[in-house]
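Using the hints, position chain L against chain P.
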Amino acid sequence: MNMIFILIGISILLALIFLAAFFWAFKTGQHEDTYTPSVRILFEEELSTAEEKKSDQDQF
Amino acid sequence: MSATKTLEISSSCYHCGEDLPASPYTADQKNFCCLGCKGVYQVLQGHHMGDYYAYNTVPGKRQSGTAQRLDYLDEELIAAGLLDYQDEQMAIVTFYVPAIHCSSCIWLLENLYKFHSSIRLSRTDFLKKQVCITYKKAELSLRQLAELLVRIGYEPLISLQDVVKKQQNPSSQDKTLLTKIAVAGFCFGNSMLLSFPEYFGLSGLEKQFSDFFGWLNLAFALPVVFYSGRDYFSSAWHNLKNGVLNLDFPLALGIAVMFGRSAAEILSHTGAGFVDTLCGLVFFLLIGRWMQQHTYHHLSFERDYRSYFPVAVTCINAEGEKAIPLEGLKKGDRILIRNNEIIPADAILLKGRATLDFSFVTGESRPVEKVLGEVVYAGGRQLEGAIELEVVKPVSQSYLTRLWNNESFKHSKNHIKTFSAMASKYFSLMLLLLAFCTALFWIFKGDVSRAMASFTAVLIIACPCALALSSPFTLAAVLSIFDRNKFYLKSTAVIEELARIDTFIFDKTGTISHPESAGLVFSGTLSTEQAQLINDLARNSGHPLSRELVRWAGLPAKHLVSHYQEKVGRGIRGTLNGQQVQLGSASFLGLDPLSFPQGSQVHVLIDGLHLGYFLSSQRWRPGFKELALKLGQSAGLHLLSGDQDHDLKELLPFFPSLQHLHFKQSPQDKLDYVSVLQKKGAKVLMFGDGLNDAGALKQSDLGVAVTDNINNFSPGCDAILDGSSFSKIPQFIRQAKDAVKVIHMSFGISLLYNMLGLFFAVQGLLSPLIAAILMPLSTVTIILFTSISARLYARKNQLL
Numbered sequence: 001m002n003m004i005f006i007l008i009g010i011s012i013l014l015a016l017i018f019l020a021a022f023f024w025a026f027k028t029g030q031h032e033d034t035y036t037p038s039v040r041i042l043f044e045e046e047l048s049t050a051e052e053k054k055s056d057q058d059q060f
Numbered sequence: 001m002s003a004t005k006t007l008e009i010s011s012s013c014y015h016c017g018e019d020l021p022a023s024p025y026t027a028d029q030k031n032f033c034c035l036g037c038k039g040v041y042q043v044l045q046g047h048h049m050g051d052y053y054a055y056n057t058v059p060g061k062r063q064s065g066t067a068q069r070l071d072y073l074d075e076e077l078i079a080a081g082l083l084d085y086q087d088e089q090m091a092i093v094t095f096y097v098p099a100i101h102c103s104s105c106i107w108l109l110e111n112l113y114k115f116h117s118s119i120r121l122s123r124t125d126f127l128k129k130q131v132c133i134t135y136k137k138a139e140l141s142l143r144q145l146a147e148l149l150v151r152i153g154y155e156p157l158i159s160l161q162d163v164v165k166k167q168q169n170p171s172s173q174d175k176t177l178l179t180k181i182a183v184a185g186f187c188f189g190n191s192m193l194l195s196f197p198e199y200f201g202l203s204g205l206e207k208q209f210s211d212f213f214g215w216l217n218l219a220f221a222l223p224v225v226f227y228s229g230r231d232y233f234s235s236a237w238h239n240l241k242n243g244v245l246n247l248d249f250p251l252a253l254g255i256a257v258m259f260g261r262s263a264a265e266i267l268s269h270t271g272a273g274f275v276d277t278l279c280g281l282v283f284f285l286l287i288g289r290w291m292q293q294h295t296y297h298h299l300s301f302e303r304d305y306r307s308y309f310p311v312a313v314t315c316i317n318a319e320g321e322k323a324i325p326l327e328g329l330k331k332g333d334r335i336l337i338r339n340n341e342i343i344p345a346d347a348i349l350l351k352g353r354a355t356l357d358f359s360f361v362t363g364e365s366r367p368v369e370k371v372l373g374e375v376v377y378a379g380g381r382q383l384e385g386a387i388e389l390e391v392v393k394p395v396s397q398s399y400l401t402r403l404w405n406n407e408s409f410k411h412s413k414n415h416i417k418t419f420s421a422m423a424s425k426y427f428s429l430m431l432l433l434l435a436f437c438t439a440l441f442w443i444f445k446g447d448v449s450r451a452m453a454s455f456t457a458v459l460i461i462a463c464p465c466a467l468a469l470s471s472p473f474t475l476a477a478v479l480s481i482f483d484r485n486k487f488y489l490k491s492t493a494v495i496e497e498l499a500r501i502d503t504f505i506f507d508k509t510g511t512i513s514h515p516e517s518a519g520l521v522f523s524g525t526l527s528t529e530q531a532q533l534i535n536d537l538a539r540n541s542g543h544p545l546s547r548e549l550v551r552w553a554g555l556p557a558k559h560l561v562s563h564y565q566e567k568v569g570r571g572i573r574g575t576l577n578g579q580q581v582q583l584g585s586a587s588f589l590g591l592d593p594l595s596f597p598q599g600s601q602v603h604v605l606i607d608g609l610h611l612g613y614f615l616s617s618q619r620w621r622p623g624f625k626e627l628a629l630k631l632g633q634s635a636g637l638h639l640l641s642g643d644q645d646h647d648l649k650e651l652l653p654f655f656p657s658l659q660h661l662h663f664k665q666s667p668q669d670k671l672d673y674v675s676v677l678q679k680k681g682a683k684v685l686m687f688g689d690g691l692n693d694a695g696a697l698k699q700s701d702l703g704v705a706v707t708d709n710i711n712n713f714s715p716g717c718d719a720i721l722d723g724s725s726f727s728k729i730p731q732f733i734r735q736a737k738d739a740v741k742v743i744h745m746s747f748g749i750s751l752l753y754n755m756l757g758l759f760f761a762v763q764g765l766l767s768p769l770i771a772a773i774l775m776p777l778s779t780v781t782i783i784l785f786t787s788i789s790a791r792l793y794a795r796k797n798q799l800l
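Chains as they are written, first to last, in full-length UniProt numbering: chain P, 1 to 60; chain L, 1 to 800.
The shape of chain P in the complex, shown without the other chains (with noise of 0.2 Å):
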């Protein structure tokens, strides 16, 4: 039963590390845009470039 001191510090110290990655996340400024970020992903790097390969590609 003396695992149980052992298990119980382990997920405290993996809770702990969700706790330091929500304070990363929040000190690096994720929570306050929450909408660009969700545009900005869906940009392609060049899209007139990335429509040509495209149909050059849908021809053969």
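Among these hints, one or two may not hold up.
[What the hints assert, rightly or not] Ranges of calculated distance between the beta carbons of each label pair, as one might list FRET restraints:
hint, chain 1, residue 1, chain 2, residue 2, range
1, P, 23, L, 664, 54 to 64 Å
2, L, 784, P, 23, 26 to 36 Å
3, L, 29, P, 31, 12 to 22 Å
4, L, 85, P, 31, 15 to 25 Å
[Unchecked claim] Computed list of lysine to aspartate or glutamate pairs in EDC-like fashion (alpha-carbon distance at most 16 Å, straight line):
hint, chain 1, residue 1, chain 2, residue 2
5, L, 175, P, 33
6, L, 683, L, 672
7, L, 370, L, 357
8, P, 27, L, 357
These aren't lab readings, by the way, just hints derived from the structure by calculation.
Every residue, glycine too, gets a C-beta built ideally from N, C-alpha and C.
Chain L only, in chain P's frame:
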């Protein structure tokens, strides 16, 4: 399919999607509505940024054409005030760009580095409409950067208030609160898990764990009490020193006692303590506090003249023209005001023709002409050509700006008394009384340990967590309901104030009269040539309706009028281009007045042929009449207008008596009028829109700025109302009253829970398990009750 697409492109501007004029501007076989749109397109194409048009079909905004002069950004002092950060090489600046509205905007603004190699990084915050740019200072000046943004159609809005805003960081308080919530939530979750075994009962074998769990629990309680809950102690102490007993006192007492008793029980191995209840209490309380602090980042309620005035003004001295910051303007300085610029300080006109639009200051829309040597008050916008003036008073002491430095505002508004603040005083007293009585009772019985137990138990169980949460949660729910109806409140406390209002004051121009709908509706058919004739004839008359006719037609003068005749108040006639044109009332034109609907009409007769009539409709905001009648039933209505009294007759039916209508009011008059009413005991709500109402808005118990575009300037106020929701005001007020009712009811519910807990507590029988069940249960009940009933009431009031 392709045919419809071509049609779409050819009928609207490729950049902004507006309708094309008769002869559109073209580039690369694409049509543009104006030179500005075409210019932006060409700049983008020149930098291979055509993708801008790929993400959305018409991503641009129509270019206004009159760009602000930005040369003041070259001034070291002003630039330094705008920059977030700078060192020898790099600088970071955040611009507010109102034009941001779609994903193409984000894409373009984040690819700014393709325009200029010295722009390192640009980040857009879509919701705040801000772009933060890092650039090499030596290679690109702030002015060049701003001009680049203007060239691509994203003009930053730079105002004096931004300079000031930077210095105080508004969100840091919000940040620490969220950190505190995170810590409390973390400890709450863990301590709850560690407390479960105790509640379910440990067998003899597992007793060894209870100490271990106890110690861990105590460890979790420490950050909750000394970090997350710290504010309650300092606030309670601060209030006690000032002789105020508010809800923070029993809360702080509850937290302290709970912690003390838990520590004692755990250290002496006599019990499990109340750590999970304690952590949960602090966690829920902080959430309530966070709900209450809700703010709108895209709105500012603290604006004053500084956000209306320019950042800098061109000063003429011996060396030539120089842009200087507004605060640097001294008496005797000679300033140059160009077309469309605002006069920032009271000054004497020295050179040029001044045609000033004071509509923002006085509410009067007619431009004012000034002659050389006349004193011009600050706040006017020059309409044609450049003028030179000599400053007679510094900016802060000008006629207009003095309003903000008014003595009565020095000590902040004696703030809104909330129901919970009043109730908590009695609650705290009752609680202390009960706790001591219980303790005395058991001491009298000779059971000292039980006296101690019951004394602390009373303080723990009566800790008014649910009570403290009932108002934040109700008000936050109402706030979001109002928000959905485009009524934006500065804080939750405004709702309770709204429920108490018994007097309404309206400003006229821009508030109850709709800026755009003061238009005419024509019933009948007119050709363009006939509209031209009406336009040319009406130009000769000074009557307001004639001026509106000219504005309705929107055409330049073409024909000359002969045989012109005007019967004041009845109509005009004349011969144009060989045709006899008559405009006027039905009786003036010899028509039967009874065959037309009621209202002020202008009939059109060309060569004896009746073509139809103009109806002057909707001079007031939609719904104003119904609104005035509804509000008038239970509250006093007043009108304060800076305007002449042309509309007296039309407005009189809506107001209780002639004494309630006041015209030609200066901003100071308005302020004084509000304070006179307040001295008589009235709770005043002021509706206003311009700078001229700013003083009165601030003085009134509740100042509401009415605006048609919430991103535009609105003066400092407690709430901002979108013009389209103007007719919903009675519903808002009913909802506010209902919200207060909900708060009262939830107070009742939480008191019931408290009594249930006290039943165990006074007997000294309170086990941690009862506390651990009662506290979250009451909290959840309150949260559910308040948010559901606030929404039910909103549905009843047709706000949802």
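Now the hints, each set against the structure:
1. P:23 <-> L:664: 54 to 64 Å: With a Cβ separation near 59 Å, residue 23 of chain P and residue 664 of chain L satisfy 54 to 64 Å, so the hint holds.
2. L:784 <-> P:23: 26 to 36 Å: holds, 31 Å
3. L:29 <-> P:31: 12 to 22 Å: Given a distance of about 46 Å, which is not inside 12 to 22 Å, the answer is violated.
4. L:85 <-> P:31: 15 to 25 Å: Check passed, 22 Å falls within 15 to 25 Å.
5. L:175 <-> P:33: Cα-Cα ~14 Å, so holds.
6. L:683 <-> L:672: Holds, at roughly 15 Å.
7. L:370 <-> L:357: Since the Cα atoms of residue 370 of chain L and residue 357 of chain L sit roughly 11 Å apart, the hinted pair holds (cutoff 16 Å).
8. P:27 <-> L:357: violated, 47 Å
Of the numbered hints given earlier, the model fails hints 3, 8; all others are met.
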